[in-house]
Amino acid sequence: MNGETAHSVDLDPRTAPPFPEAALPILRNTQLRKNVAHATDVIQTKRAHLVGEKMDWQQLRSAAAAIKDMALASLDQYLAEFEARCTASGGQVHWAADAAQARRIIVDILRADQASEVIKIKTMTSAEIELNPALEAAGIHAIETDLAELILQLGNDQPSHIVAPALHVNRSQVREIFARSMGRADLSDDPEALTGAARAYLREKFLRVDAAISGANFLVADSGAVAIVESEGNGRMCLTLPRTLIALAGIEKIIPRFRDLEVLLQVLARSATGERMNPYTSVWSGVTPGDGPQAFHVVLLDNGRSSILARPTERQTLRCIRCAACQNACPVYRQTGGHAYGSVYGGPIGAILTPQLMHMEHAQSLPYASSLCAACYEVCPVKINIPEVLIDLRAQLVDQERRQTGRAFDVMYIGMRAANWIFCTGKRLRWAQRIGRLALWPFTREDGWIHALPGLGARWTMTRDLRGMPQQSFRDWWAIRAREKP
Amino acid sequence: VSVSVSARKAILDRIRAATAGYSAGPPVRSAQPYIRQGRLDSRARLNLMIERLREYNAEVVECIATDLRACIADTLLRSGRRIFLAPRDLPAEWHASGFDWKIDTGLSHSEIEACDGVVTACFAGIADSGTIVLHHSGSEGRRVLTLLPDWHLLILCASQVVETLPEYFDRCPQPPGLATYISGPSATADIEMTRIKGVHGPRFLNVILVHDQQGDDPSDAPANHA
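So the protein lines, in turn, are chains W and H.
In the working numbering, each number is its position in the first sequence, counted from 1, plus 158.
In the working numbering, each number is its position in the second sequence, counted from 1, plus 46.
It is worth saying that the hints were derived from the structure and are not from the lab.
For each residue, glycine too, the CB sits at the ideal point set by N, CA and C.
Do not take every clue at face value.
Claimed, not checked - Restraint-style ranges between C-beta atoms, simulated for each label pair:
(1) D216/H / L365/W: 37 to 43 Å
(2) P600/W / T240/H: 54 to 60 Å
(3) P79/H / P470/W: 21 to 27 Å
(4) A258/W / Q78/H: 43 to 49 Å
(5) E97/H / H196/W: 25 to 31 Å
Starting from the given sequences, assemble the full structure and let the hints guide the process.
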């Protein structure tokens, strides 16, 4: 089905294989791993340099987290305020409880407009709700205008990174895709030439197509404005030239005040692309007569987000401003890229966001797709404690499994219950230690390490050694010491 | 619409149920506030602005207010371009003679596309990030004017330059209906993180930094024009 990538990619969490299974073929794809490592290295170096020059970086992070927390604590009020102000300035606000409703709303607006084509700014939310296939089914051709998204669309590929969705593709692969789909056999693999080809290909579409779809980086409650940050100018084209504009936004994109942008814009670009400010940021409220689209719609999407609000630990997930700094910093993501996560949201943020959007019914392997090293937390501009959320999600999953019938006879649970019983008293622990010492003695080598265990234990020793049990426990040592030195 | 109305109620109900246990409380503010006010004197602030703009490959020249018309003419001449767009309320004295001026009285996209460049005012400059702020007033022009032409000349007054982003927000008592923040030419790094400039937006940004003649800081005046 897919000629450009060596593996097939399924980013629907309901059907995607578990993380370890999806990661295996990717780990053998050395080209893809090289591409991902190179891209994440470049962004991380730039980010570190620009964060380093900011004297108040930690204060900005705290302030950004506080702004998002404030918005989430009174989310209903801020959404209502945004709706009122956006409507007052000529916008139309729609509410979508799930992906299907959002798709229907957008298709209906475009149909009423008799649109046969629509230009799109990169929006992960539209990938989340699988909007493009729905548009095609309705006879509306979607044209991605972000360079990376265009590469993916023409190459029949899927996004693997939140900010640079095609970072797993290299220049010669881009050349092949463009040469074939644009009929440009003469094209070289020079990034400048490839970018030029995309510019020429899209210019005509910007000037011709009369409807556009965008995401939103921020929804501003006190002004009813939408803010979009970008680099290429394709965003400004889509926000300015068409007659009709539809912005699709998750409900968590709300911020209370226009002024809050003074913090969020400072942390976003530095974290996302390693720039002091991204080249273009657009902010607009509703419709401005004589300037830009005269029909403006905002689709507010829930699709599982409101359920994340209920638990205090998990709630911080919704602070995310989609900068992808956690992906660039993650030692797991840097090996696998985004496709292994079986979701448009890969990496550490995807590992906590995706299972929650799925109400913990799918993507259950993702909370385990982490070493809990906390590099993600350290770089997060809104201070999401991702390891803390990962551990809490793991606990939820274990509780969920425990409730399933038949689990009582599972080796794992019998072992855990036995451990629980043993650890209850010091006497039981001492007996267990003696038995353990005897049982492990035949496997312990002269260097004091166990290199191979039979049966279930082999699962551990397959990939790492186990320290043999010491001949004397601390309790024994303490007891002897007390006797010898009264 | 009826679906959206019931969805609205369902979403808001779910949010209220989920957040009911939380006390709204006073907004949490960080113990140590972030930097709001810049620390540079006016000359250093302008120098930083110029340095940042040049990092973005913008061409920057400085002049005093009385020389502005000549400076605009000189910049337009050096560009080798001929047909220039002017926003509706661009000051008449900025329309340097010897060029074809198209005044935006609601020009079509193709008429705008046919011009060689555009000359506009702006709302503010932010030195820390080298950002130009447009609020799209009559002299700053509709958004499309500074988007389609490949060449943009911006007139930035020294008094419009602030050092930090929060200082810009201090100058906005009311949120603007439209705002565009420009920090460098359109660019992409989507192919192997190789930065390529000039994707869709204007590829050439020129800035004339204008010093008030009777500015309170005489050191503002650049040596080469004083």
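**Study point:** Numbers of the earlier hints that this structure fails to satisfy, in rising order
**Key:** none
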